[in-house]
Structure formats: C-alpha cells, structure tokens
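So the chains spell out like this:
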Amino acid sequence: MRAHTSALTKGLTLAAGLTLILAACSGGSGGGSDKSGSAGLTSCTTQGKANTCNGGTTKSGGSFTYVLEKNIQQWNVQDVNGNTFENAEALEVVLPQVFVPQPDLSVALNTDLVTSATQTSSSPQTIVYKINPKASWNDGTPISADDFIYYWRTNNGKDCPPPPSSDATQTKGCLPQSTAGYDRIKSLTASDNGKTVTMVMSKPYSDWKSLFGAGYPLYPAHVAEKISGAKTGDAAHMTAAQMTAGWQYFQKNPPTKYATAGAYKMSEWADNDHATYVPDPKWWGAKKASLKRLVFKVISDATQEPIALKNNEVQGIYPQPEVDLVNQVKDIPNVTYVIGNGLTWEHFDLNLHNPVIGKYTALRQAMFTAISVKDIIAKTVGQFDPSVKALGNHNFVPGQAGYQDVVSGTGQGSGDLTKAKKYLTDAKFTGVGSALKTPDGKSVGPFNCRYTTGNQIRQSECQILQSDLANLGIKVTIKPIGAADLGTVLAGHQYDIIVFAWVAPPFPTSGAQQNWYTGGGGNYGGYSDKKVDALIAQAIGETDQTKAASLLNQADQIMTDAAYVLPLYQKPTFLAVQTRYVNMRNNATNVGPAYNTGEWGLKK
Amino acid sequence: MLAYTVRRILVSIPVLVVSTFVVFLVVVNSGDPVANFATSRQPAPSKAAVAAFARHIHADQPVMERYWHWITGVLHGDFGPSVQSNLDIGHDLFTRFRVTVTLVASAMVIALLLAVVFGVFSAIRQYSAADYAITFVGFLFLAMPVFWFAVLLKQAGIWFNEQTGSQFLGTIGEKSPYLEVDTTWNEFTDRLGHLVLPTITLALVSFASWTRYTRASMLEVLGSDYVRLARAKGLRRRTVLVRHALRTALIPLATVTALDIAIILGGAVITETIFQWHGMGEMLVQSAQAVDVYRTMAWLLLSAVVVIGFNLLADLLYAVLDPRIRYD
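Line order of the protein sequences matches chains A and B.
Sequential numbering of the first sequence, starting at 1, is according to the UniProt record's numbering.
Sequential numbering of the second sequence, starting at 1, is according to the UniProt record's numbering.
To be clear, the hints were calculated from the coordinates, so they are not data collected in a lab.
For each residue, glycine too, the CB sits at the ideal point set by N, CA and C.
It cannot be assumed that every hint is accurate.
[As the list claims (entries may be wrong)] In silico EDC-like cross-links for lysine to aspartate or glutamate, where the CA-CA straight-line distance does not exceed 20 Å:
| no. | chain 1 | residue 1 | chain 2 | residue 2 |
| --- | --- | --- | --- | --- |
| 1 | A | K203 | A | D183 |
| 2 | B | K175 | A | D183 |
| 3 | A | K257 | B | D88 |
[To be verified] Looking from chain A toward chain B, a few residues come up when the C-beta cut is under 7 Å (computed):
| no. | residue |
| --- | --- |
| 4 | I299 |
| 5 | N311 |
| 6 | D485 |
[Said to hold, decoys possible] Here are the simulated distance ranges between beta carbons:
| no. | chain 1 | residue 1 | chain 2 | residue 2 | range |
| --- | --- | --- | --- | --- | --- |
| 7 | A | D167 | B | F94 | 36 to 42 Å |
| 8 | B | E187 | A | W284 | 32 to 38 Å |
| 9 | B | D78 | A | V278 | 57 to 63 Å |
| 10 | B | T184 | A | D167 | 44 to 50 Å |
| 11 | B | L16 | A | W284 | 57 to 63 Å |
| 12 | A | T118 | B | D78 | 51 to 57 Å |
| 13 | A | G526 | B | I263 | 44 to 50 Å |
| 14 | A | P446 | B | H69 | 54 to 60 Å |
| 15 | A | K231 | B | T189 | 26 to 32 Å |
| 16 | A | V278 | B | S40 | 33 to 39 Å |
| 17 | A | A378 | B | I263 | 55 to 61 Å |
| 18 | B | T189 | A | W284 | 39 to 45 Å |
Use the sequences and the hints to build the structure in full.
As structure tokens, this is what we get:
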C-alpha cells in the first residue's frame, strides 16, 4: 500500500513485466496489425508516407480519448512556465498557428489561418502574411493583424518586460519562453483592413517560419484588450501593464473561458483529469471535425496506458517506448502502432571544466572513438526498435533538410580501439590500455559517468562506456543522479561524462545557439570556439535556409573534431491507436500527434 | 475525557512545529529546483526568467526566513508557492485528500468487516479446515505485493468487461470523462465501477493483516478467566462471544486500524498510481521529485494532523471499549 519512490519504481517495472507474462499466458492472439486491410500506422515508416499514413475518410460521430501524460497547470504556452508538451498539445486543438511542424519534420503553412506567408525582400528581410478572409475567433471577432501585433509585443522581451526584481509573484511582467526572432522584428504593419500583416526585421532571421506558431499558437488579442481595459483592436498601443494582465489571464484560464479558433472548442476542463472538446460550429476551415467528442485524458504513469487502451478507456496513447510496454501493445487486438524516430536525441557529454578532459583534445577524441554506438543501440533501444541508427549530427536529425553525417567520418562512436589508442600515443599519453597517464605524467581519471536514476537504458549506456574506456586504461565509475537533481548536476558541472537527451527544435539555428554558442543556455560543458560562434551567428541571420544549414554543418564539423558531445541516436517515439480510427500520425516534433486533431475520426 | 483530549491536542502543536521544521530542512536541502528549472526546459529560460522563478519560490531567501514565512502563511490559509506555476497548493491538497478519502473509506470499511468476521470465525474454529483456509488466504494477501495484485485485478477486470460486453469496471481514475447517456444512475454505476478494483486491492491487503490481529486477540480473550467464568455461569455461547469476548478482543484492533488508516490517508501510493487516482500519494511523489518544498510541506502537515488525530482517536476508543480505562 505504501512505498517509497524507489520501491514504487521497481514495483511498477516488475508489474509491467508481470503483466506481460499474464498477457502471454492468456494466449491473446490479438496482434497489432489491422485486420481490415488498411496499413494503419505501420505504413508511417515508409519513406514519404509520414504525413499521409493511416489516412482515410471519416464518418460523423464517435468519441476518441487520447492520453496526456501530465496535468496542465498553466495555460499560456508562450510563457516560460507554461511551455510544456502537454500544454502545446491541448492548445493546438483550439488555437491557430501560422506554420505547423509535420510528422516528416518539415513545417507546413496553416492555410486555414493564412493563405500565404511570403518573404518579399531579404534586405531588410520582409515577410508578408495574408490572413484567410474567413478566419475568425468563435465569438465572431475576425482574426487580424492585431492578434499578430499582440503576440509580437508580448514576446519581444521589450514592450512587456520581465517582472522587476522587487516582484516575487511573477505577475508583473511577461516571461516568454523565448524572445528569439521576435526581438528582431522592427515593425508589424496592418493593411487590407487588418487582413494583411507586413513584418520587417531589424536583423535577418533564418527561422522566421517559427514565428507566430510552430507549437506556440496565437491567443485572441481582443480578449486581452477587453480584460485589461485597453482599446479594442489596438494592441500596438497597449501598455506593459495591460499586456501583463492579458498574459496572466491566459496563464490562469483554460480555453473554455475565452474565444478560440479551431475545428473543436474545449467544452470542459477537469483539472488533473481530462479536457473535453466538441466540434465548433463556427469553424471556417476546410476540414470539419467529425468526432462527436474528443477527450484528452491525464494518465501520469505510462505503464498504465496499455491497460487503459486494452480496456477501451482510451483509444490513443503516445508514451515513451519501453520493451515491456511495446510488447503489451502488440498483444492488444485491433490496435495499430508505430515506433518512429523523433527530434529527441541521446548523447554523451564531456565536461570541459574538468582540467584533464578540457585540456586534451586527443584524449576526448580517443574516448569518443573507443565508444561503440552500434553496441549501445543493440543493447538498449535496438531491442524493441531495430531501425534505430547512430546519429551523425548535433543540429539536424535524418529527415530534416540539412542533415549531414559529420560524425562517423571522424571515427567517433565507431568503437575502433586501434584508432583510439593511436590518438593517445600520438599525443604522448602513457599507460594506454592499462593505466592511462597524461604526457606530463598525471593520471587520467577515474571519471564518473552520470545518468538519471531509474533510467535502465542510460545505466546500460554508462556501463558500455565504462567497458569501452577501460580498454584505453581509463577507469569510469557510474554515478546515478537523483530524479530531481539533473538540473543541479548540469548547471553545477557536477559530472565528467553525462548521458541525457535534448529535444531538437524543428528550427535548428536557435537550438545551435542554445547548445554550442559560448555561454549558451544549454552549453553546460563549457564549450567555446570563436569560429563556431561566428558561424552560428551567421546562420541565424541567413535568410537562405540552405546556406544557413551549410553554415551550421561547418560549425558542427569544427565542434565534432573537438569531441565535446557524442550524439548516440534519435530516441524512439511510440504511437498506438485503435484501428477503427484514422488520420492519427506520429508527429515526433514539439507539437506531437495532436497537430491535426481536426482530421481525426472514425474510419468510414 | 474532554480535558484529556484538549491536553493531547495542545501537546501535538509543538510536535507538529518540530516535525515540520525538520522536514523543511531536509526537503530544502534535497535538491535545487532553480537549477532544474534552468536546465529542464527547451529553449533554456532567460536569466530574468530564472531569477523570477527563484524569487517566486523564495529560493533567494535564507532557510529560516522561508520557514517562518511558510508557517505564518499556513496560519492564514496560504500554503506558499509551488514550483508549478499557477498551482494553488491549498486547493490541490484538499482536492487530493478528498480523492484519497473516497478511495480509502470504502476499502477500510470492507476490510474491517471482513477482518472481524473471519478473524473471530478463525479463532472459534481454531485448527479447523476453515481456520487453516483463512490463515492461508491471509498470509497469501500479506505476501502478495500490492503492485502485482493490482495489475492482476486490472487484467481480471478487463476479462470481466470482455465477457459481459460492458465497460462496467474502470481501470483508471475515479470516473469516466463522459457518459453517453448522462443520468444520475449512470453516473453512480460509473463511479462504482471505477471504485471496485482499487477498493478490492486496498481492502484485501488490509484485511490480511487485521484478520490476524483479530484472530490472535480473540484467542487470547477466549482463554481468559472471565470468559471461562461466563461460560461456567451458563451464559449462552452467543452472549459470551459477542458481549464478553468480542468487545475486549476489538481493543487492539481498534488501535491498529486507527493508525493504519491514518498512514494510508497520507497516500496509498501504489494503488493510487496504478489506478490513476490523483490523491495524496501522487502528490507526495510529484512534490518530492520536483523538490517542491511548500507542496511537500503541505502534504506533510495534513498527514501529520491526520496521524495525530487518529492516534488520539485510537486512545479514546480504548476508553470507550475498555471500561477499566479512564482518562482524567
């Protein structure tokens, strides 16, 4: 009945295993394949099918319950505290965004909101958005340039500044999750009765398609104006206090309380339990909602999701895959599933603040070369997803335009012991293979390899690294990190080697600035290279996407040669839905499978 | 007895203050929520956002000052800020307590009834086949890990639903998100269907230990002189068992159940997790994982009050059940 957290974790893991045994004992013949003849989600792994797989025409009616793994506490997804995956999924059903990340990791223009978004000039960079004439909030207010201006001014970090240091409540200012891009907008001008927005940048911004969308939708400006006492339709002249009032309002209130613009509207939010959506009769879009009811149900323990799916309490789940979980779903009849590769990628990081690791590039190169990524994959995620491959880039993943393997050519991750030892002997290290010493006679190691406790896969990764580096004469101790301490360990540089994952944004330049730029927010290991900084800065300001990608890959090559971070693989994602529904797809970006809920429905 | 009760309540106040202070120190030093905030988000939050977060959760203040603010805030109904933006800890606490009480109440009533019936039966039929069977079942449930038993029950529930072609037994949550036909009767049966499996899980595990207490206690009483005397006086067997033996035998059980219930009300962690009842257990786990100091303290405070309250209740029950005991 009562247990400590660690006991609970062990218990639940065992429970999942036992469930599997029970399922096997019961002789369930189900199988995940769709008996109706449709390829279901299995076709999603076919090249070129990611955006259209599991498609079909729908019939009216039915209910679909999809799982959210966390409660939603704060409803402003643009706010740093509300920037959660679950919030993005729940809000994108009802709020519009300009560009929407797709399952194939590209972005698509949301033509229900804007009929076009075109770069009309590169100097100064100018983008013209033509808002769909039919687009309106469901209280009848047209979606207009005012909504874009409100978005820009609350997110640029200047017009609605962060709370002052005297404010301990976080309520006297705006704290956007990122000001990137918005801080480069020089002007937003309305024309054509508010249905055309012209955006002029003060400095070019390569990821301009990330603005006003990509998981961070527009909120209704007229609602913010009304509750803050500002003049309707005049977001351009809202004061910081008025914008803060709007910002706070959207934090505290679920979208049941204000005007929305989606195929569905949220009819109920039961805190910590579920959100219910029903078709919105005011929806102007081409594809009308066909489900009678769409429910997002909060299930905070992923191991319970397959059981709920089997009992028809939910019809779609999107958990982090584990061997037992995948096997359980395989045995559920009339369920189709897909294991895909997303934007989250696993990696080993070296802490350059460690005097030995930081000083010797050859040592770092040798360490990364001695590690066999193929072996790591085979012994971890490869057990339930044989398609997982070694990742060869720090900014792009396969499938994204710009992906180029800059890692394997260096031999890093190959497990080539001869090459690894040669790095060391060439650099005059001694004791190679027995007890490694630096050229000036100091012992190398022991180093710690840190992973978050309870994560079996990462523990195995550290163990394989430990074994690989022992071949070089480097002793590694494995040291777990408490569930709540990853941040402390990263920010405090309390590691020599650490394994964790990053979620690559669909727009790589901003991610590169975070992780590799000198002093970047995610650059925990202290990497610094002026050439890399310059190339990244150049990429951010490059309006040609191909050139920007090329610049990032040049920077990546320099960084790879310095052996700072070793990419391992893209983490698998897992979507399972009942076969009687269609149009659900594995969108492994920050918007998740809920990116197209308007198309979900019962198969006709 | 009133004076005793008041005295006990007054004594519990310093106990609460000391225990909350010790736990506060432990929780504050168990991790760094500000570092977690700064590193767990993508994109990484700005320095201004990190600073605002630190101020919001009072991480920029000395520990003693934080504790003082917390304890004085609690007296005014303010449980302090959570690391989760927009979370009202007080509302969260009492909502979750209601959920746990709903889950625990029915389970404990069932467990207690079963424990008394089977414990007494087992004692008066000592070493019979029935006694051995009840003993075996009791030990079986005692030995069976809750997480395993709960998962078994879930599978059985799914089997039941499949056989009956219904959706009566729920495996997650207190109720379904919606009902196709929304009537009072359907809502009642829906809630009942969600209550069955977790109730059985909790009830049978508690029953297993309580039935052993009842049996042992009853055996001891049945062998005592006053019961023999009652029998020798020619009283009916039923009268001896119920009026003389059972009342005395229930005294240790009252103590055990009162203390057990108090602890379970702090969170039936595994049962709540497996059946996705968002109660006190989940609150504790989430708060500890997130180093959510004030939320953990709110949990602790309510749990401590419940434990102290049920301890007092156990002592008072002693006096009610045993006429020899009087509190002055």
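Hints versus structure:
no.	hint	in the structure
1	A:K203 x A:D183	9 Å, holds
2	B:K175 x A:D183	46 Å, violated
3	A:K257 x B:D88	19 Å, holds
4	I299	6 Å, holds
5	N311	5 Å, holds
6	D485	5 Å, holds
7	A:D167 x B:F94: 36 to 42 Å	28 Å, violated
8	B:E187 x A:W284: 32 to 38 Å	36 Å, holds
9	B:D78 x A:V278: 57 to 63 Å	37 Å, violated
10	B:T184 x A:D167: 44 to 50 Å	48 Å, holds
11	B:L16 x A:W284: 57 to 63 Å	59 Å, holds
12	A:T118 x B:D78: 51 to 57 Å	52 Å, holds
13	A:G526 x B:I263: 44 to 50 Å	47 Å, holds
14	A:P446 x B:H69: 54 to 60 Å	44 Å, violated
15	A:K231 x B:T189: 26 to 32 Å	53 Å, violated
16	A:V278 x B:S40: 33 to 39 Å	34 Å, holds
17	A:A378 x B:I263: 55 to 61 Å	46 Å, violated
18	B:T189 x A:W284: 39 to 45 Å	41 Å, holds
In this structure, the hints that do not hold are numbers 2, 7, 9, 14, 15 and 17, in rising order.
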